[in-house]
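The hints should help you fit chain G onto chain H, whose structure is shown.
Residue numbers (the working numbering), protein chains in the order written: chain H, 7 to 252; chain G, 7 to 252.
Calculated directly from the structure, the hints in this document are not laboratory data.
It should be emphasised that the depicted structure is a prediction, and the values quoted were computed from it without experimental measurement.
One-sided excerpt, in silico: chain G residues whose CB lies under 10 Å from chain H:
(1) Gln103
(2) Thr115
(3) Arg141
(4) Ala156
(5) Ile170
(6) Leu175
(7) Phe182
(8) Ala193
(9) Thr206
(10) Ala209
(11) Met217
(12) Leu230
(13) Gly240
Using N, Cα and C, we set each Cβ at its ideal position, and we do this for glycine too.
Read off the chains here:
Protein chains: 2
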Amino acid sequence: MSAAFKNAGHQIVQVYSRDIQHAQLLAYHVKAEAVDKLSRVNAETDIFIIAVKDDAIPVVAQQLAVYNKLIVHTAGNTSLAALKQYAAASGVFYPLQTFSKVKEIDFSTVPLCIEGASPEIELTLTELAGTISNRVYKINAEQRRQLHLAAVFACNFPNYLYYIAQQILDKQKIGFDILKPLIKETADKVQNYLPAQVQTGPAIRNDENTMEEHLDLLSNEPALMQIYTLLSQGIIKMDKRSNGAR
Amino acid sequence: MSAAFKNAGHQIVQVYSRDIQHAQLLAYHVKAEAVDKLSRVNAETDIFIIAVKDDAIPVVAQQLAVYNKLIVHTAGNTSLAALKQYAAASGVFYPLQTFSKVKEIDFSTVPLCIEGASPEIELTLTELAGTISNRVYKINAEQRRQLHLAAVFACNFPNYLYYIAQQILDKQKIGFDILKPLIKETADKVQNYLPAQVQTGPAIRNDENTMEEHLDLLSNEPALMQIYTLLSQGIIKMDKRSNGAR
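Chain H extracted, bound-state conformation (with noise of 0.2 Å):
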């Protein structure tokens, strides 16, 4: 994100870690001064952004609070009260994307879920990330929090599962390449049809021989198993909207 605001035309003033090294890694890409203590931090800057661990949130707030300036976060679970109590302004700055050490992203299509403590931060926040992004939402804290658990079905999940039939072929001996095509289709699938118009697969036509015999393939996993039976009854039960293929 910081990369983001770069390219933007904004300055990034400082970048703060407890680990001078992790601050000097991010510092250095986008040519902002490194440093690890908060009493370090200059006031001569817009707004600070918080993106810690949840937890943290409110004792790295606290110490920021001295320099009256407009704080954010950029967490899916944490409230704005985490803030509140200790900024002059504050708000919420939360990209919903997966981020990894090992990949870029492109920011400008990531969306970004705004709250600002007031309608005039809400607006500042607004415009701010639509200098980084196309895509930006004002969300409300219940609506954040239901949002960043359908992000856990959304990605986190399908990721693990992923990782199943990884293990399923590893035991084969076939490479998980030959999945990859099917991974990349159902997910493009989806960003132009609703998930139960696209539904395909033994449950959604209860085909029970089928799903019969994979329970056999899993008799060994018993987790697996009930993970298999789960998502199939709840994919039997699936409010189908269309005439999608089976």
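Just chain G, lined up with the frame of chain H:
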């Protein structure tokens, strides 16, 4: 697949369906003759491709046996034996992809899994497959069954999880669009990294507070609570092979 064959310069002689309108619809696109009786099948053809429900495969194969031609089926979960007992020459031609009537597919990237009753048939099918796809795999019966199972985990189940995520957003009056970049990025990541390298979310961080809050949000949905718990337990136990981000 018939369109891909046609585009590759093959001739689709006939398209059979019990429902002549179904046969006509497909036949029209590939300039073939539509038939609704297997007794009307043109004997002057090189290969019969059976793409019907699993349990109908032997029924159709038995009726095609009189023509003494190469017969293949396209099913992931049906063995070659279903054809062998009837056909003079038989094989499997299994495209590992999710097909919906609503969306066309670039067949050249679809993995084709080939099995033949003899090495000669396997060679013929491999060459044929190579004319429509650049991803051709020799896959034996046991491998194909496991592959079909893996595909359920890699495609059908993730699509159902997208559906759950959409249901959660619906209740908050948030459009499904906001999740699309996340879904796409999650599938894109595993094109170049193993799922274990790019797993993110509360479970892989063992963030118990967040997981408890998520279960609270699901308290009226016992089936979803079970799914959340099972998949999170699986992620917590995941074999982390790399230091991917969390």
